[in-house]
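*Asks:* Residue strings, one per chain:
Number of protein chains: 2
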Amino acid sequence: MEKFTIDQIKSWDRFYRGNFINSLSGFKSVSLIGTANAAGIPNLAIFSNIVHLGADPALIGFVNRPLEAAPHTLGNIKETKSYTINHIHIGIYQQAHQTSAKYPKDCSEFDVTGLTPAWHSPIHSPFVAESKIRYALQLEEIIPIRQNNTFFVIGAITDVFLDKSLLENDGFIKIDEADSLASLGIDGYYKTEKIDRLPYAKATTV
Amino acid sequence: MEKFTIDQIKSWDRFYRGNFINSLSGFKSVSLIGTANAAGIPNLAIFSNIVHLGADPALIGFVNRPLEAAPHTLGNIKETKSYTINHIHIGIYQQAHQTSAKYPKDCSEFDVTGLTPAWHSPIHSPFVAESKIRYALQLEEIIPIRQNNTFFVIGAITDVFLDKSLLENDGFIKIDEADSLASLGIDGYYKTEKIDRLPYAKATTV
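Residue numbers (the working numbering), protein chains in the order written: chain A, 1 to 206; chain B, 207 to 412.
This is chain A alone, in the form it adopts within the complex:
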């Protein structure tokens, strides 16, 4: 096992370092975030740092890069308080990845990728029609991360759309059966295979 110190890591080329640090934190819940500005012009962008914050209230957090790098999603969320999160399956991951390109503000990533916006009134933001598991959120709070000008965005779940056949008897969602992918690093996409669900752990020895 090799040891890498932060001084070594800092000395690396930025792309090498970016790939290394980005993959170190492990597999990620890659999804598409759909928004629209107040005038209804849609935007779609891929995000991979999405976390569960709590079930009651039902809160989800995600990391938004600095505004210079990724302004449109966060701008629309500030304007409308609304966004959708859409799982990415194996049939759409290439189109999903393409949303990470820098398009002008008036250009809809739906148009350029061929993904289809699905509107569910009165929800202001578009969903991705091709996505098999998707949910809408209402902005709760945007927390600036002073260390690197990123943002931790907290939203409350308002509506969830999925096929009932994906549900286990206890509410667990078989997202692997919807072919939802995981990502790794900046550009790696992975399918998954269930090993196990374990019972609630009690304080006795293994």
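In case anyone wonders, no lab produced these hints; they're calculated from the structure.
Computed from a prediction, not measured in an experiment: that's the story for all the values here.
A portion of the hints provided could be inaccurate.
[Stated by the list, open to error] Computed footprint of chain A on chain B, listed as stretches where at least three residues anywhere in the stretch have a Cβ under 8 Å from a Cβ of chain A:
| # | segment |
| --- | --- |
| 1 | 220–232 |
| 2 | 238–246 |
| 3 | 328–337 |
| 4 | 359–368 |
| 5 | 383–389 |
Think of the CB as a built atom: it goes at the ideal place given N, C-alpha and C, for glycine as much as any other residue.
Given chain A, put chain B in place with the hints provided.
*Replies:* Below, chain B without anything else, positioned relative to chain A:
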């Protein structure tokens, strides 16, 4: 496709709702966090909501549940500013899951699960010797999430340990070849299979 509103979801039994909301956010980077208090008594606990915040500086965030539910890891981090994150592979996921049981403060999860602490002086916190990818962090900031009394904990990476054979030529870490797992919900464990790595997306049509 079925629609579930938040009012319906709120009406569900808390275990059903917990499984549903926990699995909705997608696959997670499940890992073991190792800490020790100032006296050196080790603690080990499983965490699944870990996100990449940035590569330069190299920052990782994780969500800590409310203090009543999970006091020991955060207490030690506050006391020493030090913690380690250790990937979980298929050979240790049952022991890793067992660390989620509520043990008394003076009881080391290393002892009860049979996982082995690995100390790398001068790093204050223990690593998991069985883990094939592990890294040490220095606390940067603990951000309280007022909506549900959780915490978003930000740390700077100081040292990384892994086998060089896991690295691609461009710094990407093949964590699947170390059998690192993803998790889903509270209790689901998944292995992964790489589908693809995609090139940097440029603003042309797909």
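*Asks:* The structure should be examined with respect to each hint, and the outcome stated for every one.
*Replies:* Cross-check of the supplied hints:
As drawn, the segment 220–232 of chain B meets chain A at 13 residues by the rule of a beta-carbon pair under 8 Å; at three or more, the given contact holds. Coverage of the segment 238–246 of chain B by chain A is violated. Counting CB-CB distances below 8 Å, 0 residues qualify, and the rule asks for three or more. Evaluation of the coverage hint for the segment 328–337 of chain B: breached, as 0 residues show C-beta separations to chain A shorter than 8 Å, against a requirement of three. With 8 residues bearing a CB less than 8 Å from a CB of chain A, the segment 359–368 of chain B meets the requirement of three and the coverage assertion stands.
Remark: the segment 383–389 of chain B is confirmed as covered by chain A, as 3 of its residues place a Cβ nearer than 8 Å to a Cβ of that chain, reaching the required three.
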